[in-house]
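If you read the sequences in order, they're chains D and A.
Here the first sequence stands for residues 1 to 225, numbered as in the numbering used here.
Here the second sequence stands for residues 1 to 225, numbered as in the numbering used here.
Please note: incorrect hints may appear among the correct ones.
Heads up, the list lumps identical chains together, so a pair's fine if it works in one copy or across two of them.
[To be verified] Dumping the calculated SDA-like pairs for lysine to any residue here, alpha-carbon to alpha-carbon at most 20 Å: (1) K60 - Q208; (2) K141 - Q46; (3) K147 - V26; (4) K225 - A113; (5) K60 - G206; (6) K147 - S110; (7) K60 - R154; (8) K7 - S22; (9) K60 - G189; (10) K112 - Q91; (11) K60 - T179; (12) K7 - Q124.
To be clear, the hints were calculated from the coordinates, so they are not data collected in a lab.
Number of protein chains: 2
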Amino acid sequence: MEKPPVKVVVFDAYGTLFNINSLDQVLHHYFGDRASELSALWRRKQLEYTWLYTLMGSYKPFSEVTMDALVNSCNSLELTLNNEIRDELYQEYLQLEAYPEVRSIVESLSEKAALGVLSNANQQMLQGAIDRNNLGSFFTKVLSVEKIMLFKPRKEVYQMACDAFQVLPKEILFVSSNTWDAVGASSFGLKVAWLNRFGGVMEELGFQPDYVLDEMQQLLEVMNK
Amino acid sequence: MEKPPVKVVVFDAYGTLFNINSLDQVLHHYFGDRASELSALWRRKQLEYTWLYTLMGSYKPFSEVTMDALVNSCNSLELTLNNEIRDELYQEYLQLEAYPEVRSIVESLSEKAALGVLSNANQQMLQGAIDRNNLGSFFTKVLSVEKIMLFKPRKEVYQMACDAFQVLPKEILFVSSNTWDAVGASSFGLKVAWLNRFGGVMEELGFQPDYVLDEMQQLLEVMNK
Numbered sequence: 001m002e003k004p005p006v007k008v009v010v011f012d013a014y015g016t017l018f019n020i021n022s023l024d025q026v027l028h029h030y031f032g033d034r035a036s037e038l039s040a041l042w043r044r045k046q047l048e049y050t051w052l053y054t055l056m057g058s059y060k061p062f063s064e065v066t067m068d069a070l071v072n073s074c075n076s077l078e079l080t081l082n083n084e085i086r087d088e089l090y091q092e093y094l095q096l097e098a099y100p101e102v103r104s105i106v107e108s109l110s111e112k113a114a115l116g117v118l119s120n121a122n123q124q125m126l127q128g129a130i131d132r133n134n135l136g137s138f139f140t141k142v143l144s145v146e147k148i149m150l151f152k153p154r155k156e157v158y159q160m161a162c163d164a165f166q167v168l169p170k171e172i173l174f175v176s177s178n179t180w181d182a183v184g185a186s187s188f189g190l191k192v193a194w195l196n197r198f199g200g201v202m203e204e205l206g207f208q209p210d211y212v213l214d215e216m217q218q219l220l221e222v223m224n225k
Numbered sequence: 001m002e003k004p005p006v007k008v009v010v011f012d013a014y015g016t017l018f019n020i021n022s023l024d025q026v027l028h029h030y031f032g033d034r035a036s037e038l039s040a041l042w043r044r045k046q047l048e049y050t051w052l053y054t055l056m057g058s059y060k061p062f063s064e065v066t067m068d069a070l071v072n073s074c075n076s077l078e079l080t081l082n083n084e085i086r087d088e089l090y091q092e093y094l095q096l097e098a099y100p101e102v103r104s105i106v107e108s109l110s111e112k113a114a115l116g117v118l119s120n121a122n123q124q125m126l127q128g129a130i131d132r133n134n135l136g137s138f139f140t141k142v143l144s145v146e147k148i149m150l151f152k153p154r155k156e157v158y159q160m161a162c163d164a165f166q167v168l169p170k171e172i173l174f175v176s177s178n179t180w181d182a183v184g185a186s187s188f189g190l191k192v193a194w195l196n197r198f199g200g201v202m203e204e205l206g207f208q209p210d211y212v213l214d215e216m217q218q219l220l221e222v223m224n225k
């Protein structure tokens, strides 16, 4: 039985298309040698809060969850956070840079398939990063969970991509650098490429991605298979 | 308007009644100075996996999730895990010791209210720890999520306590040392005492526990209010 060809490539946003390390530079400016500890805890709490809100049957926009997670992380580490720092970090989030290789790869891929973005972030945050990097013309759909008020890895989130592009799950190649997001998308039934940017190990959650990529360039080979 | 009196006190298990530090001794025996790093990551992945399974609409018993989280943590830290270590850690889990003050407090409370346990753990694990500490006679109900195949903080888990004791949410005082569990129970509507054993800070998730306790002894004062 022939596998259905990939018709659509859908990308996660933060850590996959957009480099969140520029936030670390701001953190370093304000928190010096505590910055890397804060950065790790902040990212972790940000994810935890998305999961916990959805598990509790509640919702808060990603922009607010992100700032709440920062407040909690600073409290935990006994670091003082003021409005100036919060505002600067939030502004930084709205204008994250894409990884340097993203533009040319996305351009090449756009000749082979329709492209989309599927993210926990609210539409405003997503559009900010896409516009800042002039990537808007390559993405047919920019999908935010804010429409359904559930965070990844709920099945309804991945279903949004199928609905938006009117394709079957296996006709979508979903690209994420987040292990748990790759697992969630696999569990739902998308074809998945885990972009292992950070040299991590896969989760033990019963699902494996279809492809494991060391660098984004390898997506072009996957699409030529 | 008078508040309804507390009719039932329900406890979380691990970290609240039972001391999980004895696992650290086994970890230290096998992994030396990497033990504390492994212990922290293991506990974190264990929680993450419960959340992610439930978010994905899937389920695996806590005993298996716990061991999967250990495998992933060892992989991440490049530590070698063998069956002997796994078995020893699992056996240790089945016979965790209660914190030293638990018995006398639980005994006193049992004269004022019905008592229960509500845990992510499967029934076998829970019963093992309760039996090993001879606490069985104090708890009217020992409730495991395995019956509904959803993990905390889903509302259905906290609802189990109301159903089992046939009481309203506000007639239950839920005691947990886990911040996110205290938030989940508050969000559902239970009266909540957060037992801050580990000197942590509360989450920024929109809900606060009714009581914050530095030590378990303070539960007796709460019940006399």
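Verification of the supplied hints:
1. K60 - Q208: between (30 Å within a copy, 16 Å between copies)
2. K141 - Q46: neither (25 Å within a copy, 35 Å between copies)
3. K147 - V26: Neither way: K147 and V26 sit 31 Å apart in one copy and 47 Å across, limit 20 Å.
4. K225 - A113: within (13 Å within a copy, 66 Å between copies)
5. K60 - G206: between (29 Å within a copy, 10 Å between copies)
6. K147 - S110: Close neither inside one copy (25 Å) nor across copies (48 Å); limit 20 Å.
7. K60 - R154: Classified as both; 15 Å inside a copy, 17 Å across copies.
8. K7 - S22: neither (33 Å within a copy, 53 Å between copies)
9. K60 - G189: Only across copies: K60 and G189 sit 19 Å apart there, 27 Å inside one copy, limit 20 Å.
10. K112 - Q91: Cα proximity of K112 and Q91: none, with 34 Å in one copy and 54 Å across.
11. K60 - T179: between (23 Å within a copy, 19 Å between copies)
12. K7 - Q124: neither (27 Å within a copy, 48 Å between copies)
This entry does not satisfy hints 2, 3, 6, 8, 10 and 12, going by the numbered hints stated previously.
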